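Heads up, the sequence shown is in our numbering, so the first residue is 1 and it goes up one at a time.
Since the hints were derived computationally from the structure, they do not count as laboratory data.
Hints are not guaranteed to be accurate.
Here are the simulated DSBU-like cross-link-like pairs (lysine-lysine), alpha carbons at most 35 angstroms apart as the crow flies [as the list claims (entries may be wrong)]:
{"#": "1", "residue 1": "10", "residue 2": "31"}
{"#": "2", "residue 1": "15", "residue 2": "32"}
{"#": "3", "residue 1": "99", "residue 2": "116"}
{"#": "4", "residue 1": "31", "residue 2": "106"}
{"#": "5", "residue 1": "32", "residue 2": "106"}
{"#": "6", "residue 1": "32", "residue 2": "99"}
{"#": "7", "residue 1": "31", "residue 2": "99"}
{"#": "8", "residue 1": "106", "residue 2": "116"}
{"#": "9", "residue 1": "116", "residue 2": "31"}
{"#": "10", "residue 1": "106", "residue 2": "10"}
{"#": "11", "residue 1": "15", "residue 2": "31"}
{"#": "12", "residue 1": "32", "residue 2": "10"}
{"#": "13", "residue 1": "116", "residue 2": "15"}
{"#": "14", "residue 1": "106", "residue 2": "15"}
{"#": "15", "residue 1": "116", "residue 2": "10"}
{"#": "16", "residue 1": "99", "residue 2": "10"}
{"#": "17", "residue 1": "32", "residue 2": "116"}
{"#": "18", "residue 1": "15", "residue 2": "99"}
Using C-beta positions, here's what the derived DEER-type ranges look like [to be verified]:
{"#": "19", "residue 1": "91", "residue 2": "36", "range": "17 to 23 angstroms"}
{"#": "20", "residue 1": "36", "residue 2": "114", "range": "16 to 22 angstroms"}
{"#": "21", "residue 1": "108", "residue 2": "10", "range": "26 to 32 angstroms"}
{"#": "22", "residue 1": "14", "residue 2": "92", "range": "26 to 32 angstroms"}
{"#": "23", "residue 1": "27", "residue 2": "111", "range": "25 to 31 angstroms"}
{"#": "24", "residue 1": "36", "residue 2": "10", "range": "16 to 22 angstroms"}
{"#": "25", "residue 1": "14", "residue 2": "36", "range": "15 to 21 angstroms"}
{"#": "26", "residue 1": "36", "residue 2": "16", "range": "18 to 24 angstroms"}
{"#": "27", "residue 1": "109", "residue 2": "33", "range": "26 to 32 angstroms"}
{"#": "28", "residue 1": "36", "residue 2": "15", "range": "25 to 31 angstroms"}
Small disclaimer: the values here were computed from a predicted structure and weren't measured.
Each residue gets a CB set at the ideal place from its N, CA and C atoms; glycine is no exception.
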Amino acid sequence: MKSSSKDLCKYFCRKCQNFIYYNEACELIYKKIYPDYYKVYYNKYEFDKKSEGKREVNQKQYDNLYRQLYNNGLCGVNKQRNDFLNKDNINNILLFLNKGSIQCNKCNNIHMWYMK
(Lines of atoms letter the chains of each structure in order from A; the text may use other names.)
(Lines give C-alpha, C1' and ligand atoms only; values in the text may rest on other atoms or scores of the structure.)
Protein backbone atom coordinates (compact mmCIF):
# COMPACT_ATOMS: atom_id res chain seq x y z
CA MET A 1 0.00 0.00 0.00
CA LYS A 2 1.32 3.41 -0.93
CA SER A 3 1.47 6.19 1.61
CA SER A 4 -1.13 8.85 0.94
CA SER A 5 -0.13 11.69 3.22
CA LYS A 6 1.38 14.83 1.75
CA ASP A 7 4.24 14.75 4.24
CA LEU A 8 5.00 11.07 3.69
CA CYS A 9 4.59 11.04 -0.07
CA LYS A 10 8.08 11.24 -1.54
CA TYR A 11 9.28 10.74 -5.09
CA PHE A 12 12.84 9.42 -5.41
CA CYS A 13 15.37 9.62 -8.23
CA ARG A 14 16.68 6.14 -9.11
CA LYS A 15 20.20 7.33 -9.81
CA CYS A 16 21.11 9.65 -6.93
CA GLN A 17 18.33 8.80 -4.40
CA ASN A 18 17.42 12.47 -4.12
CA PHE A 19 13.78 12.85 -3.04
CA ILE A 20 11.13 15.51 -3.42
CA TYR A 21 7.78 15.89 -1.70
CA TYR A 22 4.38 16.03 -3.37
CA ASN A 23 4.22 19.84 -3.43
CA GLU A 24 7.71 20.11 -4.91
CA ALA A 25 6.73 17.63 -7.62
CA CYS A 26 3.70 19.77 -8.45
CA GLU A 27 5.91 22.85 -8.71
CA LEU A 28 8.37 21.08 -11.02
CA ILE A 29 5.56 19.91 -13.30
CA TYR A 30 3.94 23.35 -13.30
CA LYS A 31 7.30 24.97 -14.08
CA LYS A 32 7.79 22.63 -17.05
CA ILE A 33 4.29 23.08 -18.49
CA TYR A 34 3.82 26.82 -17.86
CA PRO A 35 7.30 28.39 -17.60
CA ASP A 36 6.09 31.98 -18.10
CA TYR A 37 3.44 31.80 -15.40
CA TYR A 38 5.68 29.92 -13.01
CA LYS A 39 7.92 32.96 -12.61
CA VAL A 40 4.96 35.07 -11.52
CA TYR A 41 3.25 32.60 -9.20
CA TYR A 42 6.22 31.33 -7.28
CA ASN A 43 7.81 34.68 -6.54
CA LYS A 44 6.78 34.76 -2.89
CA TYR A 45 7.17 38.55 -2.66
CA GLU A 46 5.09 39.26 -5.75
CA PHE A 47 1.87 40.05 -3.87
CA ASP A 48 3.54 41.43 -0.74
CA LYS A 49 2.49 45.06 -0.25
CA LYS A 50 5.53 45.88 1.87
CA SER A 51 8.12 44.77 -0.68
CA GLU A 52 9.31 47.16 -3.32
CA GLY A 53 9.53 44.53 -6.05
CA LYS A 54 8.59 45.15 -9.66
CA ARG A 55 4.92 44.42 -10.22
CA GLU A 56 3.42 43.10 -13.43
CA VAL A 57 0.58 44.97 -15.14
CA ASN A 58 -1.83 42.04 -15.41
CA GLN A 59 -1.41 40.46 -11.97
CA LYS A 60 -5.14 39.80 -11.56
CA GLN A 61 -5.31 38.05 -14.90
CA TYR A 62 -2.34 35.82 -14.01
CA ASP A 63 -3.80 35.14 -10.58
CA ASN A 64 -7.16 34.07 -12.03
CA LEU A 65 -5.45 31.68 -14.44
CA TYR A 66 -3.42 30.26 -11.59
CA ARG A 67 -6.51 29.67 -9.48
CA GLN A 68 -8.37 27.99 -12.34
CA LEU A 69 -5.49 25.67 -13.14
CA TYR A 70 -4.92 24.70 -9.56
CA ASN A 71 -8.58 24.29 -8.64
CA ASN A 72 -9.49 22.17 -11.66
CA GLY A 73 -6.34 20.45 -12.70
CA LEU A 74 -2.94 19.18 -11.92
CA CYS A 75 -2.13 20.12 -8.34
CA GLY A 76 -5.20 21.94 -7.09
CA VAL A 77 -5.20 23.24 -3.56
CA ASN A 78 -8.84 23.13 -2.42
CA LYS A 79 -10.24 20.42 -4.68
CA GLN A 80 -7.31 18.08 -4.36
CA ARG A 81 -7.20 18.27 -0.57
CA ASN A 82 -10.62 16.66 -0.45
CA ASP A 83 -9.87 14.08 -3.13
CA PHE A 84 -6.32 13.33 -2.03
CA LEU A 85 -6.93 10.22 0.05
CA ASN A 86 -9.49 8.53 -2.19
CA LYS A 87 -8.00 9.15 -5.64
CA ASP A 88 -4.88 8.05 -7.41
CA ASN A 89 -3.52 11.58 -7.74
CA ILE A 90 -0.21 10.49 -6.21
CA ASN A 91 0.31 8.04 -9.05
CA ASN A 92 -0.80 10.65 -11.59
CA ILE A 93 1.91 13.00 -10.36
CA LEU A 94 4.44 10.17 -10.67
CA LEU A 95 3.25 9.59 -14.23
CA PHE A 96 3.64 13.30 -15.04
CA LEU A 97 7.15 13.31 -13.57
CA ASN A 98 8.26 10.41 -15.76
CA LYS A 99 6.35 11.12 -18.97
CA GLY A 100 6.91 14.88 -18.81
CA SER A 101 10.71 14.66 -18.86
CA ILE A 102 11.07 16.33 -15.47
CA GLN A 103 14.72 16.42 -14.44
CA CYS A 104 16.08 15.57 -11.03
CA ASN A 105 17.33 18.69 -9.21
CA LYS A 106 20.54 16.99 -8.15
CA CYS A 107 21.72 14.80 -11.06
CA ASN A 108 19.61 16.19 -13.97
CA ASN A 109 18.40 12.77 -15.14
CA ILE A 110 14.93 12.28 -16.61
CA HIS A 111 12.47 9.34 -16.49
CA MET A 112 14.06 8.10 -13.26
CA TRP A 113 11.35 8.81 -10.67
CA TYR A 114 9.79 6.21 -8.40
CA MET A 115 7.83 6.26 -5.17
CA LYS A 116 8.39 4.42 -1.89
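Tested hints:
1. 10 to 31: holds (19 angstroms)
2. 15 to 32: holds (21 angstroms)
3. 99 to 116: Distance ~18 angstroms between residue 99 and residue 116 Cα, so the pair holds.
4. 31 to 106: Roughly 17 angstroms separates the two Cα atoms, so the pair holds.
5. 32 to 106: holds (17 angstroms)
6. 32 to 99: The hint holds at about 12 angstroms.
7. 31 to 99: Between residue 31 and residue 99 the Cα gap is close to 15 angstroms, so the pair holds against 35 angstroms.
8. 106 to 116: holds (19 angstroms)
9. 116 to 31: With a Cα-Cα distance of about 24 angstroms, the restraint between residue 116 and residue 31 holds, given a limit of 35 angstroms.
10. 106 to 10: Roughly 15 angstroms between the alpha carbons, so the hint for residue 106 and residue 10 holds.
11. 15 to 31: Cα-Cα ~22 angstroms, so holds.
12. 32 to 10: holds (19 angstroms)
13. 116 to 15: holds (15 angstroms)
14. 106 to 15: holds (10 angstroms)
15. 116 to 10: Given that 35 angstroms is the threshold and the Cα spacing comes to 7 angstroms, the pair holds.
16. 99 to 10: holds (18 angstroms)
17. 32 to 116: Roughly 24 angstroms between the alpha carbons, so the hint for residue 32 and residue 116 holds.
18. 15 to 99: holds (17 angstroms)
19. 91 to 36: 17 to 23 angstroms: violated (28 angstroms)
20. 36 to 114: 16 to 22 angstroms: For residue 114 against residue 36, whose Cβ atoms are near 30 angstroms apart, the range 16 to 22 angstroms is violated.
21. 108 to 10: 26 to 32 angstroms: Given a distance of about 19 angstroms, which is not inside 26 to 32 angstroms, the answer is violated.
22. 14 to 92: 26 to 32 angstroms: Hint violated: Cβ distance 19 angstroms, outside 26 to 32 angstroms.
23. 27 to 111: 25 to 31 angstroms: violated (19 angstroms)
24. 36 to 10: 16 to 22 angstroms: violated (29 angstroms)
25. 14 to 36: 15 to 21 angstroms: Violated, at about 31 angstroms.
26. 36 to 16: 18 to 24 angstroms: With Cβ atoms ~29 angstroms apart, the hint is violated.
27. 109 to 33: 26 to 32 angstroms: Because 20 angstroms falls outside the window, the suggested range is violated.
28. 36 to 15: 25 to 31 angstroms: holds (30 angstroms)
Hints 19, 20, 21, 22, 23, 24, 25, 26, 27, counting from the list given before, are not met by this structure.
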